[in-house]
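Please work from the sequences and hints to get the whole structure.
2 protein chains.
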Amino acid sequence: MIHIAILGFGVVGGGITEVLEQNKTALQRMVHDEIHVKYILDRLEFPDSPYADRVVHDMSVIANDPQVSIVCETMGGVGAAFDFTMQAIQSGKSVVTSNKELVAKRGVEILEAAKEMGVSYLCEASVGGGIPQIRGMRTSLAGDTITAIDGIMNGTTNYILTRMRKDGATFEAALAEAQTLGYAEADPSADVDGLDAQRKIMILTAIATNMLADEKDVYTETMTKVTPADMDAAARWGGTVKLLGSARISGEHASLYVCPVFVPGTSPLANIDDVYNGIRFVSPVTADVMYYGRGAGRLPTAGAVVADVAAAASGLADRELPMEWEAAPAGYVLPFSENVFSYYVRVKTDTVREMLERASLVFGEIQALPGSPVGYAEFITPPTVEAEAARAFAGNTFAGLESRIRIMAT
Amino acid sequence: MIHIAILGFGVVGGGITEVLEQNKTALQRMVHDEIHVKYILDRLEFPDSPYADRVVHDMSVIANDPQVSIVCETMGGVGAAFDFTMQAIQSGKSVVTSNKELVAKRGVEILEAAKEMGVSYLCEASVGGGIPQIRGMRTSLAGDTITAIDGIMNGTTNYILTRMRKDGATFEAALAEAQTLGYAEADPSADVDGLDAQRKIMILTAIATNMLADEKDVYTETMTKVTPADMDAAARWGGTVKLLGSARISGEHASLYVCPVFVPGTSPLANIDDVYNGIRFVSPVTADVMYYGRGAGRLPTAGAVVADVAAAASGLADRELPMEWEAAPAGYVLPFSENVFSYYVRVKTDTVREMLERASLVFGEIQALPGSPVGYAEFITPPTVEAEAARAFAGNTFAGLESRIRIMAT
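So the protein sequences, as listed, match chains W and C. With the working numbering applied, the first sequence covers 1 to 410. With the working numbering applied, the second sequence covers 1 to 410.
Quick caveat, the hints were computed from the structure, so don't treat them as lab data. Mixed in with the good hints, there may be bad ones.
[What the hints assert, rightly or not] Lysine-lysine pairs mimicking DSS-like chemistry, simulated, CA-CA at most 25 Å apart:
1) C:166 with W:166
2) W:115 with C:24
3) C:38 with C:24
[Said to hold, decoys possible] Among the chain C residues that face chain W by a calculated CB cut under 10 Å, a handful are:
4) 289
5) 293
6) 308
Note that this is a predicted model, so its numbers are computed, not measured. A virtual CB, placed ideally from N, CA and C, is assigned to each residue, including glycine.
Shown next, in the form of structure tokens:
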């Protein structure tokens, strides 16, 4: 019997007990043993739950019970969740987590403690709900060298952008709809401002490189400024607008960023809609692989936690590519200003031809977008160093600048 | 040092040595040891290869060398490949294969022998080139219950269908182009008649259920009869035509089939084009997950072989969901005639309205397709048991029947 404890009996924590029951037989085939929930740590009591008798309020009960070998942390946040995680690890227990904020902010020291104690710290559920991309990176792609990651990593914003594209909705209207449906929080800022995606791209890049970036080095741009006019322009250009978390990785350096971009219609990422996520890896051998699925939700996320529990219980986790993260040293993450992007640009102007000529002088060979609304110049710039583009947009040259959105880098 | 042997120094076999060199560092991080190619078995010599001194012509040299722990079989076919595989396993070596025909036809006895000897028989490279769906099923999805599989599993036919859709090409013209580009063989029948996809859906279903179907129970329909008129109709319907390998799995039964189907444009499978593959799994917990990538090609396929070598060498393979296949007993695979599909139907007729009325009498509430060419009745049937649909199409009721293509089942 494998005894586990669940920290936090909320949406995901409750889902774990459900998945364990529902898939008992399949799990037993993999683990060759029964998985038993011995404790549930929560501030509340759950008198009506069949698990009422497992509820405890003191972490040391769990830490001090040598029977417990695996702890699932689904509390969220970086305060108590960090303390309890360290307490569990220092008591010789493996920890499985869905807490992306904690992994992104304190992953280095938690993994170091886990290595010292010879236990695992597993975080599949922290990125992309039920989509098994972390296990994929640590098993199937482990013998390859990942050079690029691009992903729709946040279901809330993808739902909003899908509604904007399909229904011509404004950001505000689409957000309100997402909130009504329960896809967006009352305070949606972590999603729409890109923080959620930022943490995820930090985690995936760390899996690929063992270097965990500092969040201040990950350029992160809100998607709240995307308008129906931008969607319309993207369609005329032959694509759509998506919020991507991206990384470009070479031997010595990486560049990480989160921002809304024009994605060409030929990219498999362009067709990932609603609350679905899709994460694409480029590498010299495997070429490119994309994982697609439900990026969030009670059962998919709980399922990812349970898959990690099974991996810890079966010993699989010890045979995967080891996670031995370091804090990325100064200079490892390149300044965002050194990246090169083409831009979509829209300028309100009475003199469209002159504006396009001016743009050519600044950027070189631009490409005017066909079908622009009257009174607007719209163009795509050639690849331009970010710092130069920022300078061009900051000055008075493009007075009437209404929008500039990067084109997804190849 | 982990000593391995490669059987067959062709496209994939040669790729293995390349991948091992290219990803030496990454592999060492996972395996904690160096992987060394000790032997290459081939009928030919390769005097100009840096591996010339490893070439042998006698399998017993490899089988009798206790240093060799892993053998990569990339010969193809079921004759010598089967004998050498069994010889390697009976000598206590794990075998990694890219040979889908062998896995689909003799997988049960090979896996049984491997179990007896306590070694692994791994086949990631036999399905979907570099796409890690088999490892995904045996690790991340292992604790879930897969109920449906739908996949674009053959790059050659997907390239042909993509050209037909985008360029309005006929099957013959698109095939000729694929042959020129090296995407299709001179004799393309294994691809276009669905045999390749048949083997792959047999393998994936066996991974999910541990039941290996007999190929005669897997309904397999050629895609050579798909015409530009069908593509045009699919577009008007709101989708496209794809060749899918599919399985529907319940506790006691499974249904497996390969045929061209109408895929709705909202499905992520509709947008997988050119030589790419995409394979989607449905399960109650993870909901749905799709793996996308290059389904074939020298390096992606060799990369999948090397990933399996690393899994065998690191001990990962022993911790995955075990593959203990049985030959599916009589009645496990349901007769294809019991499946239920909606159909797209096109009938050449001078009396369109009467033909549609007749169709309503036969099928019930049909849906006429808008924009049909003059002189044709086109309609979508309601869900109909396959046996009844076959009977309706066989008689004289639909004289002038030009095409009937199933709609992808949900």
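Inset, instruction - Identify whether the interface hint at residue 308 of chain C stands, where standing means a beta carbon of chain W within less than 10 Å of its own. - result: Holds, about 9 Å.
Legend entry - Supplied contact hint for residue 289 of chain C, tested at 10 Å Cβ to chain W: Constraint on residue 289 of chain C satisfied, holds at 4 Å.
Legend entry - Satisfaction of hint between residue 166 of chain W and residue 166 of chain C, Cα-Cα up to 25 Å: Holds, because 23 Å separates the two Cα atoms, which is no more than 25 Å.
Legend entry - Given pair status - residue 24 of chain C, residue 38 of chain C, alpha carbons within 25 Å: Distance ~16 Å between residue 38 of chain C and residue 24 of chain C Cα, so the pair holds.
Inset, instruction - Take a quick look at whether residue 115 of chain W and residue 24 of chain C sit within 25 Å of each other, Cα to Cα. - result: Satisfied, since the Cα-Cα distance of roughly 24 Å is no more than 25 Å.
Inset, instruction - Let me know if the C-beta of residue 293 of chain C comes in closer than 10 Å to any C-beta of chain W, holds or violated. - result: At about 4 Å, which falls below the 10 Å cut-off, the nearest Cβ of chain W leaves the hint on residue 293 of chain C intact, so it holds.
Violation of the numbered hints given earlier is absent; every hint is satisfied by the structure.
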